[in-house]
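There are 2 protein chains.
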Amino acid sequence: MFKRILIAEDHETQNISLQKTLTELGAEKPEYVFYCDDALTWIKNAVKTGQPYDLLITDLYFEEDHNRQKITGGAELIKAAKEVQPGLKTLVFSGESKTAVIDSLFKEMHIDGYVRKARHDGQYLKLAIAAILNHKKYLSPDLKLARKENNSHDFSDLDIAIISQLVEGTPQKNIPYYLQENNIKPSGLSSIEKRLNLMKEVLGFSKNEQLIAYCKDIGII
Amino acid sequence: MFKRILIAEDHETQNISLQKTLTELGAEKPEYVFYCDDALTWIKNAVKTGQPYDLLITDLYFEEDHNRQKITGGAELIKAAKEVQPGLKTLVFSGESKTAVIDSLFKEMHIDGYVRKARHDGQYLKLAIAAILNHKKYLSPDLKLARKENNSHDFSDLDIAIISQLVEGTPQKNIPYYLQENNIKPSGLSSIEKRLNLMKEVLGFSKNEQLIAYCKDIGII
DNA sequence: ACAAACCTTACGGGAAACCGTAGCAGCGCT
DNA sequence: AGCGCTGCTACGGTTTCCCGTAAGGTTTGT
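Protein chains in written order, with UniProt numbering: chain A, 1 to 221; chain B, 1 to 221.
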């Protein structure tokens, strides 16, 4: 079993149950923090004293509060931690289910495992830790099937910029000015109209209102 | 302390930490289930055997899996449970933060407490249970703030009908026909325009797109 | 280098939405 | 009944949006 484990998780109850699950697995004294900055500090100190952590378990999204943090999310924490301790094993435990996000964690952050907060997350945590102990990667099974979006349009940066401006209340005819100021090309009014029409056509919509509601639903804004 | 507590929560780890928190508070043997239908069955049996539960703690949203459920969410569970056992105390423990949703739980379902899954949820759970023991209502403080800053407009049925039609893609000029067919008054085009303008003015918006996004955020559609 | 294909942008006519005004019906009050 | 208040509806002018067309630029292939 891993000797030194660090948990970074802001939700108190989730943090508790992670501790309990790890203890059941035979971990001696899983340590835990509620903020990303604390996590990095502890990792740094552990490296300095010659007793580095063997495993970091972290959430992806941390809620802001009065404690202003330099590191605001799990991905940044992992990146910073690996700069201090490149060999650190990392397991992400989060509610995120978008494959694009999770894929990039494996590819760019080189995480060792991902378990989604879901029905059987306790079991999967145990399996994940067993796999990582054997130097294998782990992905909780509820995500392997999770590809269901079919007629979905993949939104470009331009698309998101346009939609965001609409949500801000910018009249369509003024959006070109915004795009030019932010060096987003194309920026012509016709291009904006064309882009909006394309999105609505792909998704089977006729009005902007539908598009806004859809984007809110899938969480891109 | 409550003698008999039932936990309905599908996430395994959350379920574990709820049990642990309750045990720390002196609850003897908190019982737990992972499905709403099971929860209702257990409540019915408890009533039949003359040893009803004192408190139901439930999540709001349950994930679907191969086990098809009649009751698919916490709100329905509470409604069904209160038909069986009207005096049952209920505490909702969920990640939901939309005030519209939570308000309706208190008003329509007459729940006794709401704790949001968030940073200090463990503490707040304890406070909630203490409050409910004293026959008081409880709402976790991270939500009281979110509500105050609201200069929110209270949406009438007409407002929601109009907005829903916009989200359906109905052109504004056609909405009067829909309202007439559904016997919603007023139904004139001018009234619709006036109503939309009122909503946007109160909320400081200028375009429909902003209004749609706002309504999605607070969860009225 | 040249042409073809593609993308971006500009322009104009028509439709929808926006906004102010005015007429009309319902309601309470004297 | 007569009056005034309120709220719903109808109408016209202005703005914005929608959509098709065409001109100017850029990339690709030969």
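Heads up, some of the hints might be wrong.
Stated by the list, open to error - Calculated cross-link-like contacts (lysine to any residue; reagent style SDA-like; alpha-carbon spacing at most 20 Å): (1) B:LYS137 <-> B:LEU25; (2) B:LYS207 <-> A:PRO30; (3) B:LYS98 <-> A:GLU24; (4) A:LYS98 <-> A:PRO171; (5) A:LYS216 <-> B:GLU31; (6) B:LYS207 <-> A:ASN174; (7) A:LYS207 <-> B:SER164; (8) B:LYS20 <-> A:LYS194; (9) B:LYS20 <-> A:LYS207; (10) A:LYS20 <-> B:LYS200; (11) A:LYS216 <-> B:GLN165; (12) B:LYS207 <-> A:LEU189; (13) B:LYS173 <-> A:SER206; (14) B:LYS207 <-> A:HIS120; (15) B:LYS82 <-> B:LYS98; (16) B:LYS200 <-> A:PRO171; (17) B:LYS20 <-> A:GLU24; (18) A:LYS207 <-> B:GLN165; (19) B:LYS126 <-> A:LYS79; (20) B:LYS207 <-> A:LYS20; (21) B:LYS20 <-> A:GLY122; (22) A:LYS98 <-> A:ALA118; (23) A:LYS207 <-> B:ASN197; (24) B:LYS207 <-> A:GLN165; (25) B:LYS207 <-> A:TYR214; (26) A:LYS20 <-> B:ALA118; (27) A:LYS200 <-> B:GLY169; (28) A:LYS20 <-> B:PHE34; (29) A:LYS216 <-> B:GLY95; (30) B:LYS98 <-> A:LYS79; (31) A:LYS98 <-> B:GLU64; (32) A:LYS207 <-> B:LEU25; (33) A:LYS20 <-> B:GLY169; (34) A:LYS20 <-> B:GLU28; (35) A:LYS20 <-> B:TYR32; (36) A:LYS207 <-> B:ILE160; (37) A:LYS79 <-> A:GLU24; (38) A:LYS207 <-> B:GLY169; (39) A:LYS207 <-> B:LYS207.
Source of the hints: derived by calculation from the structure; they are not laboratory data. All values derive from a computational prediction rather than experimental measurement.
*Take a quick look at whether LYS207 (chain A) and LYS207 (chain B) sit within 20 Å of each other, Cα to Cα.*
The given pair, whose Cα atoms are some 13 Å apart, holds under the 20 Å limit.
*Holds or violated: LYS207 (chain A) with GLN165 (chain B), Cα cutoff 20 Å?*
With a Cα-Cα distance of about 11 Å, the restraint between LYS207 (chain A) and GLN165 (chain B) holds, given a limit of 20 Å.
*Does GLY169 (chain B) lie within 20 Å of LYS20 (chain A) when you go C-alpha to C-alpha?*
violated (50 Å)
*Holds or violated: LYS20 (chain B) to LYS207 (chain A), with C-alpha atoms at most 20 Å apart*: It is violated: about 50 Å lies between the C-alpha atoms, which goes past 20 Å.
*Are the Cα positions of LYS79 (chain A) and GLU24 (chain A) separated by 20 Å at most?*
Roughly 29 Å separates the two Cα atoms, so the pair is violated.
*Can the restraint linking LYS216 (chain A) and GLY95 (chain B) be considered satisfied, given a maximum Cα separation of 20 Å?*
Holds. LYS216 (chain A) to GLY95 (chain B) sits at ~17 Å (cutoff 20 Å).
*Would you check the hint for LYS207 (chain A) and ILE160 (chain B), treating anything up to 20 Å between C-alpha atoms as holding?*
holds (17 Å)
*Is the hinted pair LYS207 (chain B) and TYR214 (chain A) satisfied, with a Cα-Cα distance of at most 20 Å?*
Status holds; Cα separation ~17 Å.
*Pairwise hint evaluation, PRO30 (chain A) against LYS207 (chain B), where the allowed Cα distance is 20 Å at most*: This hinted pair is violated, its Cα atoms lying about 52 Å apart.
*asked:* Does GLY169 (chain B) sit within 20 Å of LYS200 (chain A), going by the straight-line distance between their CA atoms?
replied: holds (11 Å)
_Between the alpha carbons of LYS207 (chain A) and ASN197 (chain B), is the straight-line distance 20 Å or under?_
Roughly 19 Å separates the two Cα atoms, so the pair holds.
*asked:* Check whether the Cα positions of LYS20 (chain B) and LYS194 (chain A) lie no farther apart than 20 Å.
replied: With Cα atoms ~56 Å apart, LYS20 (chain B) and LYS194 (chain A) exceed 20 Å; violated.
Hint check: violations occur at hints 2, 3, 4, 5, 8, 9, 10, 14, 15, 19, 20, 30, 32, 33, 37; the rest are consistent with the structure.
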